[in-house]
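J.: Here's the letter readout for the chains.
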Amino acid sequence: MLEEFARLEKRLHVDSRDWKAALLRFLARPSSRSAGPLDDEFPWIFAVIAATAAPHVSHLPLWLSLFCGIVLAGRVLLWKIKRPVPRGLPTLFALLGTAGIALEYRSLFGRDPGVALLFLFITLKSAEMRSRRDVIFIIMLGFFLLLTHYFYSQSIFTGIWLLLSILLLTATLLRLHGEKRSLRQTFGYAGELFAHAFPLMLILFLLFPRVQGPLWGLPRDAHAGLSGLSETLSPGSLDDLIQSGDIAFRVKFDGDEIPAKSDLYWRGPVFTDYDGLTWRARPFYLRGRAETTPTVDPEQRVYRYTTTLEPHNLRWILPLDMPVSAPANSFLTSTFETIVRSRVGMRTQYRFGSVVGNTIKVEESPPMLHEALLLPGNANPRTRAFAARLKERFDSPERLSSAALVHFREEEFVYTLQPPLLPEQNSIDEFLFETRSGFCEHYASAYVFLMRAAGIPARVVAGYQGGEVNPIDGYLMVRQSDAHAWAEIWLEGKGWRRIDPTAYIAPSRIEVGIRAALPATDLLPALVRLDSDWIRNLRNRWEAANNPWNQWILGYNPELQREVLSRIGLNDPNWRSMLTSLGVLCGGVLALVAVWTFRRRQSESPEERAWRRFCDKLARRGIRRFAWEGPIAFAERAEDAQPEIGALAREAALCYARLHYGVGEPALLERLKNCSARMARHPKTVNEGFA
Amino acid sequence: MSSLSEKFPVIHDIIAEANKIILGKDAQIRLALACLLARGHLLIEDLPGIGKTTLAHTLARLLGLRFSRIQFTSDMLPADIIGISIFERESGDFRFLPGALFTQVLLADEINRATPKTQSALLEAMEEKQVTVEGRTRPLPDPFFVIATQNPSTQIGTFPLPESQLDRFLMRIEIGYPDREAERTLLENGGRRAHPDEINADFTLRQLEEIQRSVSKVHVAPALLDYVQNLVDLTRNHTSFMYGLSPRAALGLLAVARAWAFIEGREMALPEDVQAVFPSIAAHRLRLTNSGEYAGHDDINALIRSLPVV
Numbered sequence: 000m001l002e003e004f005a006r007l008e009k010r011l012h013v014d015s016r017d018w019k020a021a022l023l024r025f026l027a028r029p030s031s032r033s034a035g036p037l038d039d040e041f042p043w044i045f046a047v048i049a050a051t052a053a054p055h056v057s058h059l060p061l062w063l064s065l066f067c068g069i070v071l072a073g074r075v076l077l078w079k080i081k082r083p084v085p086r087g088l089p090t091l092f093a094l095l096g097t098a099g100i101a102l103e104y105r106s107l108f109g110r111d112p113g114v115a116l117l118f119l120f121i122t123l124k125s126a127e128m129r130s131r132r133d134v135i136f137i138i139m140l141g142f143f144l145l146l147t148h149y150f151y152s153q154s155i156f157t158g159i160w161l162l163l164s165i166l167l168l169t170a171t172l173l174r175l176h177g178e179k180r181s182l183r184q185t186f187g188y189a190g191e192l193f194a195h196a197f198p199l200m201l202i203l204f205l206l207f208p209r210v211q212g213p214l215w216g217l218p219r220d221a222h223a224g225l226s227g228l229s230e231t232l233s234p235g236s237l238d239d240l241i242q243s244g245d246i247a248f249r250v251k252f253d254g255d256e257i258p259a260k261s262d263l264y265w266r267g268p269v270f271t272d273y274d275g276l277t278w279r280a281r282p283f284y285l286r287g288r289a290e291t292t293p294t295v296d297p298e299q300r301v302y303r304y305t306t307t308l309e310p311h312n313l314r315w316i317l318p319l320d321m322p323v324s325a326p327a328n329s330f331l332t333s334t335f336e337t338i339v340r341s342r343v344g345m346r347t348q349y350r351f352g353s354v355v356g357n358t359i360k361v362e363e364s365p366p367m368l369h370e371a372l373l374l375p376g377n378a379n380p381r382t383r384a385f386a387a388r389l390k391e392r393f394d395s396p397e398r399l400s401s402a403a404l405v406h407f408r409e410e411e412f413v414y415t416l417q418p419p420l421l422p423e424q425n426s427i428d429e430f431l432f433e434t435r436s437g438f439c440e441h442y443a444s445a446y447v448f449l450m451r452a453a454g455i456p457a458r459v460v461a462g463y464q465g466g467e468v469n470p471i472d473g474y475l476m477v478r479q480s481d482a483h484a485w486a487e488i489w490l491e492g493k494g495w496r497r498i499d500p501t502a503y504i505a506p507s508r509i510e511v512g513i514r515a516a517l518p519a520t521d522l523l524p525a526l527v528r529l530d531s532d533w534i535r536n537l538r539n540r541w542e543a544a545n546n547p548w549n550q551w552i553l554g555y556n557p558e559l560q561r562e563v564l565s566r567i568g569l570n571d572p573n574w575r576s577m578l579t580s581l582g583v584l585c586g587g588v589l590a591l592v593a594v595w596t597f598r599r600r601q602s603e604s605p606e607e608r609a610w611r612r613f614c615d616k617l618a619r620r621g622i623r624r625f626a627w628e629g630p631i632a633f634a635e636r637a638e639d640a641q642p643e644i645g646a647l648a649r650e651a652a653l654c655y656a657r658l659h660y661g662v663g664e665p666a667l668l669e670r671l672k673n674c675s676a677r678m679a680r681h682p683k684t685v686n687e688g689f690a
Numbered sequence: 000m001s002s003l004s005e006k007f008p009v010i011h012d013i014i015a016e017a018n019k020i021i022l023g024k025d026a027q028i029r030l031a032l033a034c035l036l037a038r039g040h041l042l043i044e045d046l047p048g049i050g051k052t053t054l055a056h057t058l059a060r061l062l063g064l065r066f067s068r069i070q071f072t073s074d075m076l077p078a079d080i081i082g083i084s085i086f087e088r089e090s091g092d093f094r095f096l097p098g099a100l101f102t103q104v105l106l107a108d109e110i111n112r113a114t115p116k117t118q119s120a121l122l123e124a125m126e127e128k129q130v131t132v133e134g135r136t137r138p139l140p141d142p143f144f145v146i147a148t149q150n151p152s153t154q155i156g157t158f159p160l161p162e163s164q165l166d167r168f169l170m171r172i173e174i175g176y177p178d179r180e181a182e183r184t185l186l187e188n189g190g191r192r193a194h195p196d197e198i199n200a201d202f203t204l205r206q207l208e209e210i211q212r213s214v215s216k217v218h219v220a221p222a223l224l225d226y227v228q229n230l231v232d233l234t235r236n237h238t239s240f241m242y243g244l245s246p247r248a249a250l251g252l253l254a255v256a257r258a259w260a261f262i263e264g265r266e267m268a269l270p271e272d273v274q275a276v277f278p279s280i281a282a283h284r285l286r287l288t289n290s291g292e293y294a295g296h297d298d299i300n301a302l303i304r305s306l307p308v309v
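Note that the protein sequences, when read in sequence, are chains A and B.
Sequential numbering of the first sequence, starting at 0, is according to numbering that gives the first Met the number 0.
Sequential numbering of the second sequence, starting at 0, is according to numbering that gives the first Met the number 0.
Keep in mind the hints are simulated off the structure, nothing from the lab.
Errors might be hidden in some of the hints.
Below, a sample of chain B positions facing chain A; criterion: calculated Cβ distance under 7 Å [stated by the list, open to error]:
#1 221
#2 223
#3 224
#4 271
#5 304
Keeping only pairs whose Cα atoms sit at most 25 Å apart, straight-line, the calculated SDA-like set for lysine to any residue is [what the hints assert, rightly or not]:
#6 A/672 x B/221
#7 B/216 x A/661
#8 A/672 x B/218
#9 A/251 x A/544
#10 B/216 x A/663
#11 A/672 x B/220
#12 B/19 x B/185
#13 B/216 x A/544
#14 B/216 x B/92
#15 A/672 x B/307
#16 A/672 x B/267
All residues carry an ideal CB built from backbone N, CA and C; glycine is no exception.
With the rest of the complex left out, here is chain B (with noise of 0.2 Å):
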């Protein structure tokens, strides 16, 4: 296990360097880092000028991938982001000219100002890492992470994400106002802070596959899955939520658990490691009984706490 140590320094760097771009976030980074070690997609959600894109620009460049970024608008159309093929009179053929989709990192802001059918175009990419265009399949680069932002939906001129969409973002995560100390730090040195654009990546793509194949060998004993089997049918027995979690959503948990546990620097994961991500997958995959609404945080860390550890 001596190899999973080696690696610590490399992941607390990167850790280090976000928290002096987004001050006072380091919770939040770490769930983002989680979801990105577990190859999964992440959605944050929050107000306006609070660090979303920040963040997600951040993360991709201190992994050292190649980002891209869409600014989403409700005139948006699938080509825009997939690309085109346009007709070449050189060769008397049409060409492929791929869109922004084609990317490592790709930053997808405000994704729900974009009407549901080009929101839609991004569907088989996230899942299936290819897109399909004039009859050809395309594979997309690898590692392929989208990065989605969101208003939250009570925001003028929104269209909310199908439940399709929104389950195959792994996370969704909200960051929240900074507290008082690092605002006053933001706002002392507002004008000089590091720009992620700024960022020496010294991460190489190899570090990250070599990362992300000890993140999977995070060993997990029958004890944990128990618990996670026993929280995944909690959800769905649970006379507050309209349903319960899917398997791929169990199957998330399970593997940013072990993103979290590698994090923190431990080869097995424990059940703090299931608890500390549980709210960021399960909250935008439940509803509520009684409102309707997506669950809050708060019913989910409800849930977690009438749960006894196995």
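Only chain A is shown next, with the shape it has when bound in the complex (with noise of 0.2 Å):
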């Protein structure tokens, strides 16, 4: 038998290998006709940079987004032309941009210096593109740099943005071992590659021990440019916040029954001191807790619901007007506020329970009323003058406080967003009796002044009011541009009682929202103006859509992560049974793998599982066997490859063609597995190849 095999080894050598060569080198050719192996990459990386970097561009100063815009448009065009990199140039470039964003940040630290560098260098590298270790590198500054992202949006556009961008840099990766394969194929495998990681990003996801704010501590500048109310109050404050229609907070009532327009006042700060010009807020430490919680009676409804709070970085958490029950990480302050322990900092869920109406409390303490009379200086000596010739002519303060409101509504006030300046002294008296145009802040600071003037103990409170349900899903949104500001007066025996001066000049604004609100010419955000229903309903459907995404991937906090840990019972959890079951399921899914793939090698035959033996060791010298290959042209493109280790890869191939394709000749499997040992065994003389 062995003259036989040396006979069709020497026939085969003699007779067929050239043109045979010459065929499989037709059949194995590289798709493309450019010269260098990694040429033909350069589009990808390209892709790969431009996929990784393009969304930072949005927030980047604009001057390094053209920089890098250039400099990368500059290297396209180089590789088009097939020219090389000028030397130095790089060089060049990385130290003025460098500059330039130190320059920009006045630091090369922190978050926003940090990410511009990482767009700055991974632009540059493109000019730095010898070896395969040098794409390799920025493949990866670009899994890092895709990373950071979620500094600055947490959307589902960029998860899916991400997500894509995570497929093309695998399938880059894959074209760069050597997957030659067509554009959807290649996509395809990366895609399937991420459905191999899906399991074990979901059982990461659902437990890894997950703590309270960052682990690590984000940069100080992390949470700026955050928009919510703000710790003090004076006029053009909420400017900025009725012109955005950014969501401010969502709530979910239970049993979806929702109370009237007009009670939907979300209670935030409580501004008692004044100095003429600007409101504050006492800080909560100078405030206490309240003495008593507020009671609630019998017959009142008590509405349930579930607030989902965007990240405002204040500590408030904006109930419905008047709470009765709040999470038990928050409390109440004597004025009613409900604060958490830590600035919200990350979208965060609470359950309240709410009563509305208007009475809060009857007990109030003489310190508390003292501090809501006094007035700053002898500013306003008009609104003065006109809060004493009301007190002469009424003598109840109900009488007096409704007479007031009486004055907002005969007297022409206007209410716009856009009113006249008013001078920093006696802008109370401007407004009362000159401009008489504002919104709810200075209706809510002017009538509070006057009741102050006239001896009746008064605060500003600030939040939000109104809140459009979505049909979709059900959700009540309440948006910036729904900050408000009213006024709260206490009558003796009563209590504090709510005023919303801005009611009486502008009911439609309580009723209906601020759209219906303004004069025509006054302009709001889009979002919020919104006259045509279909833009309407598709901004519904995208903010049904945003919701769960916020609630079940953002919002999966804590709290979450525990309730849905005692659901598969692991009840009261801490991290070391947390990462003991993570171990023990991420095990399990890897020893399924390794099941299904140990079967697959079960079901081979003897000779297959010799022959792949054969072929895993050629691969370890960089010959790797193409799936479609036939064992003969394989062994030959091997000894064209290596021709030390021809004879032993034919040898070898030769008895996997007559074990597995032949009459059946079972002696030869000891044979095939004889070749794999002495290949093991062969010296290795040639280092891998690129493919």
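Assembling the complex is the task here: the two chains are given apart, and the hints tell you how they should meet.
T.: Here is the structure:
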């Protein structure tokens, strides 16, 4: 039989090698005509850089985006005309860019400068793609840069974009490792790999111990630019909010029974200190806790609901006025502000119970009442004189306060978001008697001043008023544009009573919304203005889709995690049991994969296994069998690549071919295994090739 | 299996001889030979002057077969190739004068210059190896091969062969320009090269029949059948192609793969054999979805590369 082998080999060698090698080269030739192996991948690398860097353009300085865009475009051009990158230019650009970033941010550390540097260097790295290592470096940098997008946005779109980018990065990695396939196949394979990783991703998401707040502490500038109420109220301070269509929080009422729109006052900071221009809230440590919790009349309806608050970096959590039950980690101050222990830096859910109505409490401490009467200096003389006149005419505080409201309604006050500018001196006088146009904060501020001047304790309350039900999912959405300010006055024997002067000037602001209250010329964000039904519908659908994302993906906090874990039988989980179950589950998934692979291998016949092992050995020497390649053809290609192992490869291939495709000569199996063993002992002289 | 090896010299002598006449076209000669050993008809498509006719002529001579040639033209009629009955005054009867079709190797030169009517006259002959003239069925000699040549259908004055006719050709090969070295030799010895007519065939019909029997005995393992089926299924389910290969094509593929393995000196067919002949069998049977054109060898090779061997 040995002779026969020798004859066969000789014939194969003499008669058919040359043209067959040519045919194989033809079959195995790379799909592109360009020269270098890396050159083929350039468009992929450019796509990787563009995909990972592009979303950062929205918040990086314009000059940096332009600079990097030009660098990348220049690099693509050089590649197109097949010219090398001028020596030293990348270094120069790196120095220039770094200097620019240092000047722009006054630092090279922190979140924004760090991201800007990453952005700069991934672009500049495109000028330096000499070896495969360089390219892999770019891809790894790309993965890292992708992660930083979450500093700026955690929306569904970001998620989808990152997912697609990961597919692109994986596909590029596959190509770099010699997977010459069609575009669709490459992406299909990348998707398949992603699908394999998905169960592990899910387990890690569900079980990885979650820490309240970021684990490593975000840089100081991490919360810059969060919109929401502020700790002071002065004319114009609500302007930005009212111009914004962003969602402040979403509310889901149990049983979907929503109070009347005119009862939807979401209580935020209470302002008592006034310096003639700005209202301030007293710090909580001076304020103290409420001595009595608000009493609930058993007849009164308690609305229970869940609020999903967008991060605003403050400690107020905005329940419906007046809360009777609040989350465990919050407390009620003596001015009935609901406060949590730390600033709300991430989207958080709270459970509340509230009664709607007007009366809060009967008892109030003298210092509090005194505080609610203080007025700065002797500013606003005309208002004080008006207050004195009112006090003379009306003996009871109730009648006095209503008379002031009547004044607001009967005089020609105008509700507008673009009031004329008020002077710093005597601004209340100017507003009440001259300009007479403004919005909630002006009215609330002026009314409280007037009441205090007339001897009635009063304070300004800020928060939100109203909200809109999304018909798609039944959530009530409260936007920044619903920001509002109103007044509270103290009536002896009746307690604090909410008075909303805005309601007297522009009743539609309270009953319908800010859209209806404004003259048509006033500018409002497009999302708030919305007259056309289909845009409104589209927006509702989008927000309804966004909500589960917020609740379940972004809002998956320690509490939710505990709830999920207790549902799968892990009661009172600590990090130790969580890590254990994490390890067990991940191990389980990996074991399943292993069993599956092993089973597939078990379905192999003995000669297939032996041949696979032999091919694995060759692969370790840098010669990988293509899945479509037959044994003899592979052996000849191996011989072309590394002539010193040619004879061994051909012998093994012939054995396998006769075992697998021949009439059955079981004795050859031992010989094939023997080839494998000899290959393992064969000295490795050639370094791994590229593909 | 030793009987198989004994026939190698003959086959390789034939290839070596053919290589002396058609320079630098070893792969095409082998493909053409494999087609004939698999008892299939062969279509050679290329530009004029590439050597199509020479290849066909050479193979016929080398195999020692009776050879006749029909140059197809646009005014040719079926009777011109099949034959005609004429009245003989002496016997007072009609006598059938067989046409050029009655031969062992028919070289149908520039077949796509004939009208479809004349082309279809070949249909019965190719499939049934018999012709029916004036109600009488006459068998053709055995073996009967048609080696047709055609110009690319983009050339002026051609009638593209209908699919049904194309399918009767087991293989279609293209010859292509000779490489530089071969062309140099051709130019240097141009006038003095061997002519097909000068070949002395020492090959007998008996030998051919024996070889064809051996070819059909080349072992095909279940694993290879799996591979062939996967390949044929792939053409049927692939979105790139309008329709897939017919069972006739699959049978032909297996037969040619056997012949190829035989020429390679193997007693069993391997995936490599299937891959080597597959483009020549599939390309003229598959149309691309995008353009409606027949697939090129590149398309078929891409298909091969997307299917793992079994």
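J.: Hint by hint, say whether it matches the structure.
T.: Comparing the hints with the structure gives:
1. 221: Violated, about 9 Å.
2. 223: The hint holds - residue 223 of chain B has a Cβ within 7 Å of chain A, the shortest such distance being about 5 Å.
3. 224: With a closest approach of 10 Å, the residue 224 of chain B hint is violated.
4. 271: Since chain A brings a Cβ to about 4 Å from residue 271 of chain B, closer than 7 Å, the hint holds.
5. 304: OK, holds: residue 304 of chain B within 7 Å of chain A, min 5 Å.
6. A/672 x B/221: holds (23 Å)
7. B/216 x A/661: holds (12 Å)
8. A/672 x B/218: holds (24 Å)
9. A/251 x A/544: Given pair residue 251 of chain A, residue 544 of chain A holds - Cα atoms ~15 Å apart, limit 25 Å.
10. B/216 x A/663: Satisfied, since the Cα-Cα distance of roughly 15 Å is no more than 25 Å.
11. A/672 x B/220: Cα-Cα ~21 Å, so holds.
12. B/19 x B/185: Holds - the C-alpha atoms of residue 185 of chain B and residue 19 of chain B are around 10 Å apart, at most 25 Å.
13. B/216 x A/544: Cα-Cα ~66 Å, so violated.
14. B/216 x B/92: violated (48 Å)
15. A/672 x B/307: holds (23 Å)
16. A/672 x B/267: holds (21 Å)
Violated hints, listed in ascending order, are 1, 3, 13, 14; each of the other numbered hints is respected by the structure.
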